[in-house]
Every structure is written in structure tokens, then in C-alpha cells.
Amino acid sequence: MFFAKRRLLMVAGPSGSGKSTFIRLMTDNNQNIFTNEVLRKTLSCNRIKAKRLKGNKLRDIFSEQRNFLDAIKGHRDFILHIDTTGPRYKENLILLPELFKIFDVIASVQVFTQIDIWYQRNIERIENKTQKPSKIVKRILKLYSSEKARKTKKAESVYLKSFTDWESFLTSNGISRQLKIDTIKQTINYSSIADKSDQDKFS
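Numbering-wise, numbering that gives the first Met the number 0 puts 140 at position 141 of the sequence shown, and it's gapless, one number per residue.
Honestly, the hints are just simulated from the structure, not real lab data.
Each hint should be verified, as a subset may be incorrect.
Simulated restraints, written as ranges between beta carbons of each label pair [to be verified]:
| id | residue 1 | residue 2 | range |
| --- | --- | --- | --- |
| 1 | K50 | E126 | 28 to 38 angstroms |
| 2 | E146 | G173 | 36 to 46 angstroms |
| 3 | L92 | K137 | 16 to 26 angstroms |
Straight-line distance between alpha carbons at most 30 angstroms, and here's what the computed DSSO-like set of lysine-lysine pairs gives [stated by the list, open to error]:
| id | residue 1 | residue 2 |
| --- | --- | --- |
| 4 | K184 | K48 |
| 5 | K147 | K131 |
| 6 | K153 | K141 |
| 7 | K147 | K128 |
| 8 | K50 | K100 |
Beta carbons: idealized from backbone N, C-alpha and C, even for Gly.
My request is simple: use the sequences and hints to build the entire structure.
Shown next, in the form of C-alpha cells:
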């Protein structure tokens, strides 16, 4: 009897990097060349009809694991939203290896946004009261708003570290299917994938 492989695609990045927007584009019926290529490079498919999972709900998932396993029956593909600057991020790093055991294919897409754009997005969210920033987000915003070059450089360093820390976590757990994308420039970076060091651009 043939059993379809269960696949997990994690869409990760700092709060406000564009993860939710990209997930909507990727699961939309009118996908473009860029989103199709991301899927091809991660899950070896052109389209995806996936059940969405939220990273901030991982604790709840594992507190009701039996119900969760029952709930995913009949589903093949899953997309997990991971906020690498969220308040539950460190907790998720502990829980995720257990979740990985359920899946046959695991891949990650990091959504990268230049820090000046990311900064503006988060400031607007705070002003519009649509987001309560985490401690790490507050720290980066405060540093980046400084007129001192030393502090803005530190902000960039902390911001970029959120990406490298996620890559290190994936690598330590044997996850080699890693991409880092820029949805504004529509570029795909293969630096985290074996035998790839180039960058593709789609327009």
C-alpha cells in the first residue's frame, strides 16, 4: 500500500518580516513564479494545499498530542509559522525536535527583510496597536532609532543574529532544506543548502 509522505514547511523570520503575507501568496490559487520556485526548492512541488500551524500554539499542540495526531490525519502538507523574535521562540526550539519526528520531509524558508523596512513595519504596528512587541523586538527598535552609529550597527547585528541562530538550530537537527528569501526583491538565497551558493531573482 502506498503512503504519501507527510511534509512540513516552516516559514520563519522576525516579527514583521512578511511571513503571513508570503504564506498567503504561497497557498493562493494564483501563485507566481517566485512562490512556485520556493515550493519546488523546498518540498519539490509547484503547489501546496496545506494545514496551517502556528508556532505560538506549539505548547498547546503538545499538551494534547493525541488529539493533534488525530487532527492531522488526512492531511499531507503542513505550514508552520515561526516568529524568531516572538516570546515563545526559545520554548519552541525545545518542542520542535519532537514535532519533526512526525514528518517525513522537513524544510524551512526564512523571510528576510532589510532592517530599515522591518523597523518601519514594526513602528507602524505599535502605533496602530496591532502588535505588542517582544523584548527582543523592543531592544532592536530602540537601538536602531539611536542617532549613534554604534547602536544602529548593534541593532543590525542583533537582527541578523536571529537569522543565523535559526539556521544553526536547523542544521543541528539535521534539516538541510533551507532557503532564505527576500519577498520585496524576490530573491532566493541558497547559502544554507549543500552545493548551492548562488542567488536567483524572479520578477
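Hint check results:
1. For the pair K50 and E126, the supplied restraint of 28 to 38 angstroms holds, since their beta-carbon distance comes to about 34 angstroms.
2. Distance hint check: the CB atoms of E146 and G173 are about 44 angstroms apart, consistent with the given range 36 to 46 angstroms.
3. At roughly 21 angstroms, the beta carbons of L92 and K137 sit within the given window of 16 to 26 angstroms.
4. A hinted pair counts as satisfied when its Cα atoms are at most 30 angstroms apart, and K184 with K48 qualifies at roughly 25 angstroms.
5. For the hint linking K147 to K131, the alpha-carbon distance of about 26 angstroms falls within 30 angstroms, and the restraint holds.
6. With a C-alpha separation of about 11 angstroms, the suggested pairing of K153 with K141 holds against the 30 angstroms cut-off.
7. Proximity of K147 to K128 is assessed by CA-CA distance (about 28 angstroms); at most 30 angstroms being required, the pair is judged to hold.
8. Among the hinted pairs, K50 with K100 is consistent with the structure: their alpha-carbon atoms are about 17 angstroms apart, no more than 30 angstroms.
No hint from the list above goes unmet by this structure.
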